[in-house]
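Engineer: Please construct the entire structure, taking both the sequences and the accompanying hints into account.
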Amino acid sequence: MEITLPPVDLGAITPELIVTGTALVILLVDLFLPRDRKTPLAYLSLLGLVLAFAASLPLWGRARYAFKESISLDPFSLFFSSLFLLIAALTILISTNYLEREEIHRGEYYALLLFATLGMMLLAKGMDLVVLFLGLETLSISLYTLAGFMRARLRSNESALKYLLLGAFASGFLLYGIAFLYGATGTTNLKKVAVFLGKGAPLSDPFLFIGAGLLIVGFGFKVATVPFHMWAPDVYEGAPTSVTAFMIAGTKAAAFSAFLRIFLYSLAPLKPNWSAVLWVLAVLTMTLGNVVAIAQQNIKRMLAYSSIAHAGYILVAVVAGGELGGSSILFYLLAYALMNLGAFAVVILLGQKGEENLNLPDYAGVGYRHPLPALAMAIFMFSLAGIPPTAGFMGKFYVFSAAVKAGYIGLAIIGVLNSVVSVFFYLRVTVMMYMREPRAEVGPIYTSPALAAALVIAVWGTLQLGLFPGRLLELALRSIRPLLG
Amino acid sequence: MSIELPVFYFLAAITIGAALIVVLGRNIVHCAFSLVLAFFGVAGLYVLLDAEFLAAVQVLIYVGGITILLLFAIMLTSRASGPGVRILNEQLGLSALIAGGLFFLLIYALWKGIPALAIKVPTQANVPTIGRVLMTSYVLPFEVASVLLLAALVGALILARKEKD
Amino acid sequence: MAADYAYVGLFLLVGILFVVFTIEVLSRLLRPSRPNPEKLSTYECGERPIGGSWIQFHVRYYLYALVYIVFAVETVFLFPWAVAFHRLGFFAFIEMMIFIAILLVGLAYAWKKGALEWV
Chain W
1 MEITLPPVDL GAITPELIVT GTALVILLVD LFLPRDRKTP LAYLSLLGLV LAFAASLPLW
61 GRARYAFKES ISLDPFSLFF SSLFLLIAAL TILISTNYLE REEIHRGEYY ALLLFATLGM
121 MLLAKGMDLV VLFLGLETLS ISLYTLAGFM RARLRSNESA LKYLLLGAFA SGFLLYGIAF
181 LYGATGTTNL KKVAVFLGKG APLSDPFLFI GAGLLIVGFG FKVATVPFHM WAPDVYEGAP
241 TSVTAFMIAG TKAAAFSAFL RIFLYSLAPL KPNWSAVLWV LAVLTMTLGN VVAIAQQNIK
301 RMLAYSSIAH AGYILVAVVA GGELGGSSIL FYLLAYALMN LGAFAVVILL GQKGEENLNL
361 PDYAGVGYRH PLPALAMAIF MFSLAGIPPT AGFMGKFYVF SAAVKAGYIG LAIIGVLNSV
421 VSVFFYLRVT VMMYMREPRA EVGPIYTSPA LAAALVIAVW GTLQLGLFPG RLLELALRSI
481 RPLLG
Chain C
1 MSIELPVFYF LAAITIGAAL IVVLGRNIVH CAFSLVLAFF GVAGLYVLLD AEFLAAVQVL
61 IYVGGITILL LFAIMLTSRA SGPGVRILNE QLGLSALIAG GLFFLLIYAL WKGIPALAIK
121 VPTQANVPTI GRVLMTSYVL PFEVASVLLL AALVGALILA RKEKD
Chain L
1 MAADYAYVGL FLLVGILFVV FTIEVLSRLL RPSRPNPEKL STYECGERPI GGSWIQFHVR
61 YYLYALVYIV FAVETVFLFP WAVAFHRLGF FAFIEMMIFI AILLVGLAYA WKKGALEWV
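Residue numbers (this note's numbering), protein chains in the order written: chain W, 1 to 485; chain C, 1 to 165; chain L, 1 to 119.
What the hints contain is simulated information worked out from the structure, not anything from laboratory work. A hint or two may mislead.
[Claimed, not checked] The following label-pair restraints were derived from C-beta to C-beta distances: (1) C:76 x L:18: 33 to 39 Å; (2) W:101 x L:79: 43 to 49 Å; (3) C:8 x L:18: 23 to 29 Å; (4) C:76 x W:435: 48 to 54 Å; (5) L:79 x W:295: 52 to 58 Å.
Note that the Cβ used here is the ideal one computed from N, Cα and C, for glycine as well.
Structural biologist: And the structure:
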């Protein structure tokens, strides 16, 4: 009788343990808090996120695997973990105000947000397809619930239902893809898959192609690439605004982190095949996202289509691949998260109870009445459009120059043309704010220190990355290297 | 081995037939019951593959839980239980094309065979093996599964419960 | 191994055939056929049935089913652990306790929120 000691290395998952523990505590404390006193939970979850970040810092030192190689502690996963913690923290900062205004007095909100964060961290760290899938499901299930949090509002219900149905469908595709990959390689461990394919296994195995194809479909749903984007505008529009911000910034980054690990690392020998598919997806995604965004009058819907377009830009970098392409993705995802969370913070700030002021004409004259939020919004819009000196510009610059250097000049040209188109609808918001007469009778706006802090962080980050991108790019390069071997 | 083939065809026929009724049936309650049969067929296929634990799970969770939940959901909606639910919409052509394409792709892959698959088929009872692997190699996914279940429970209660306050 | 299940299959088959044979064939041959409205009505333990059976159920059933499924899945994980327990030792015990503790939080949550009450 042998006793097998399990390969438990708790040190490797301290950040995840802290996030989970905080979520559990919140869930329990919430039961005993009075209905209208849920704000302490926000600070508790912030504390948890900060502690988790602190606990992740010592892990940077030495890359290693843990739990029988089912998770990887390399700069890549740590970069993404930190990004997710930042996104979650900013989301909580912009949530408190919004939840109070909309009278959502439910502590579960923070617990679910932390569960979702845990899922995202596992997506970045997972070296085993089983871990990746569980991470994705933890993230998705929390988000289905968060999307439907405003139960009294029809749109929110529609959002949750659509997200649940299509998300479950996408998970099915993903699982099917994992099964085929397992069938083709005999393992769910991504390192073993990479070794298996690297040592001259027959790359013409149809199982391999179908597996990779289904994975592209599954992840395509999750990051909303055309033609798997249909759910995105309705879901993003209907969900509570703070949740939309979290989904747009967080889910995309998390899904891309797993996608990159699978495709750039494990399936690298198949790159000629999948990059051709992604080339087409990138062009479709950029073009449709930007063109349809022009027609949008609702700001949440516009940002939803814009997020589709940005998924397209990131795909350009995936196609380009290599150190430059890979590092530009990491840079882009951080810049993208900052500017989107910032833009949504302004959207929340300008909304009122019962009247969220989401339509474009509602922004007329905001520049005179609320100069500071308007200035912040203008910066975020410039950044989303890719105008210097902002993070968005540097991100696009790195992505397109990576594409050019990898020889995808056509793709880069299409991307730049798309960026030009996108300037129109991003700047329309700015024009509205500064060059139109204000609409009559608009009430005062309610701000909170938390929301203001989130805005300051987002503005600072957007400008900082735009003006001094060097250090982050270096970090991104260092982070992508373990994947490229 | 010779007996396995007819049994397989029998189970496959039950599964596919029942699944077709699920999709094409006009009475949604009949569809739900047909789903039970389809799940049973799949459980039988698992047994045939020596995956007895999976078969038990299939019966316990899917037959015992999911379909009951489905039936409750049908009963919850006031008018859906009436017969004559519309089962086709205007996207029929497109979805048939995509589903058919995927189907032929899968058939093609199976036709070409599974060259790389070299997984040892367990010869003994596999429940203890699953238990051991869950507690050692897959202990992290195992614990994450409980968090996932918790999130699902919280989510289900939030979305399904009437707010009392 | 699958052969062992042949017996299960056999029992299933015989069981189904037995019921079908006795009710549909044997009783049809033996019984007298004298239908009347009383006999043809739905059997409700002797009560007169009121209305149709397809009514809108209360949402509480649904909640119970939801909670049931979550804990059924937990049980599914308990089973292989219990079977392999004597070979796994103390560590597996702790792992399972963590698993259960996390779900106990869920139980506490459901309890406090009143999801277990028949209101």
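Engineer: All hints, please: hold or fail.
Structural biologist: Results of checking the hints against the structure:
As the Cβ distance of residue 76 (chain C) to residue 18 (chain L) is approximately 36 Å, the hint placing it in 33 to 39 Å holds. Hint check: residue 101 (chain W) to residue 79 (chain L), Cβ distance near 48 Å, so the stated range 43 to 49 Å holds. Between residue 8 (chain C) and residue 18 (chain L) the Cβ separation comes to about 25 Å, which falls inside the hinted range of 23 to 29 Å. For the pair residue 76 (chain C) and residue 435 (chain W), the supplied restraint of 48 to 54 Å holds, since their beta-carbon distance comes to about 52 Å.
In this structure the supplied range 52 to 58 Å holds for residue 79 (chain L) paired with residue 295 (chain W), their Cβ-Cβ distance being about 55 Å.
Hint violations for this structure: none, all hints satisfied.
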